[in-house]
Every structure is written in C-alpha cells, then in structure tokens.
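S.K.: Start from the sequences and build out the full structure, keeping to the hints where you can.
Protein chains in written order, with our numbering: chain Y, 1 to 116; chain D, 1001 to 1110.
Think of the hints as simulated: they come from the structure by calculation, not from any bench. Idealized CB from N, CA, C, for every residue including glycine. Among the hints, a few may not be true.
Claimed, not checked - Sample of chain D residues facing chain Y (criterion: CB under 8 Å; computed from the structure):
1) 1029
2) 1043
3) 1094
4) 1097
5) 1105
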Amino acid sequence: EAGVTQFPSHSVIEKGQTVTLRCDPISGHDNLYWYRRVMGKEIKFLLHFVKESKQDESGMPNNRFLAERTGGTYSTLKVQPAELEDSGVYFCASSQVRGFDTDTQYFGPGTRLTVL
Amino acid sequence: RKEVEQDPGPFNVPEGATVAFNCTYSNSASQSFFWYRQDCRKEPKLLMSVYSSGNEDGRFTAQLNRASQYISLLIRDSKLSDSATYLCAVNDNSGYALNFGKGTSLLVTP
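M.R.: What follows is the structure in structure tokens.
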C-alpha cells in the first residue's frame, strides 16, 4: 500500500512569491493533517481535514496560508505571499476514521521550503 | 509552559545498552500518546502507541503515568540502527491534532 506522498520534496522561492504544496494521503484515509517544523522548533499542527471539510485550522499562522481539499482526496497548501519565517519542513499526515487503534497518523516525507 | 517537553539529549550509548527517555505533557485531558522515530531529514514514523496499561514491542517498552503526566520509552539491547531522534506526541483538546516534543536524540555507538 502506498504511503502518504508529498510534492515537491524541496522548494526554494523568494520572499513575496507564491508556493503550493501538495499532499496525497493514504487511500481511504478520511483524515488529513498538515504540520510544520521550523528549524530548531518542534513539529507544530497547522490544520485538519475530515474528507473535504476543515475540522480544525487553529494552527494556521495567518491568512497568507490557504489549505484546500477539494473532493476529499489530495490536499494543497498555498502560501501567498511567502515570508522568510515560512521556511521549514511541511509535513502531511493521514489517518483513518477515529476509533480505537485506527487514529494513528502516518506522515509523508515532507516538503522542505526555503524562502530567500 | 510547553505542551510536550523532552530532554533533547543527545544520549550516547554503547551497543547493547539499555536507555530510557521521558516525556512530560501539560494537558491532563489528553487521551492518546505516541512515540515516533525520526531519522535525519526523514518523516516521523510511528514507533508505538502508548496505552494506559503500558505496552511492549520487542526491545521497546512504553509506559504512561497519568498522575505525573509523563510517558516513557525504554529501549533494551540497543542496536546501531536505533540511532535516531525519538519524538513524543500527545493529542490535544480536539482529540485529533498531535502536539510534539522537540525530540530526544539517540546515538548508539559500536
């Protein structure tokens, strides 16, 4: 079974530009999460989708970040315009419907974003 | 106070040694606890969930102490391949989002 995939693996952009990250969850996983790790800090939650609905976006830093999951399959995370402090590794994770032993989150390889 | 705290280490141990990590959490309402392993520049991979009764998987044992709000991970008979960063993760109030510690670095030497 394929795991969570993310694209691109790396992105280097200049301040003020726009970047779109993509995440394909494990097939059949309704829950999709975005996390971010800024250098020297812990991995931080950004938001959670259940199918195509945003369940919790309390971790989104500001309105320069926009996440979508049209059709309840893959998700995109757009940063517009990017700032220097947005640099970090963006992880996507997915899990099956909540229930005993089924809410384990499986992580993708991450997108390493560098804003210059 | 951070939601999840871990000793960053590094822990340098010889092969065959036993090593233990602790992780404290601040949210007493947390219900799910996990240990993830992260290799350099890779994604976190689930090592084990932590249950109230404690659980064991081969050389790895995880314990939960709700009264003191910490979880632990014990690795017996350390292997070179155990070298990695071990992340503690605890669910938040919503029950879905995970709060991570910064991780504990382990280096097992020959």
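S.K.: Each of the hints needs a verdict: does it hold here or not?
M.R.: Right, here's what the structure says about each hint:
1. 1029: Cβ of residue 1029 of chain D sits 15 Å from chain Y, so the hint is violated.
2. 1043: 4 Å, holds
3. 1094: 5 Å, holds
4. 1097: 4 Å, holds
5. 1105: 13 Å, violated
The structure shown violates the earlier hints numbered 1, 5.
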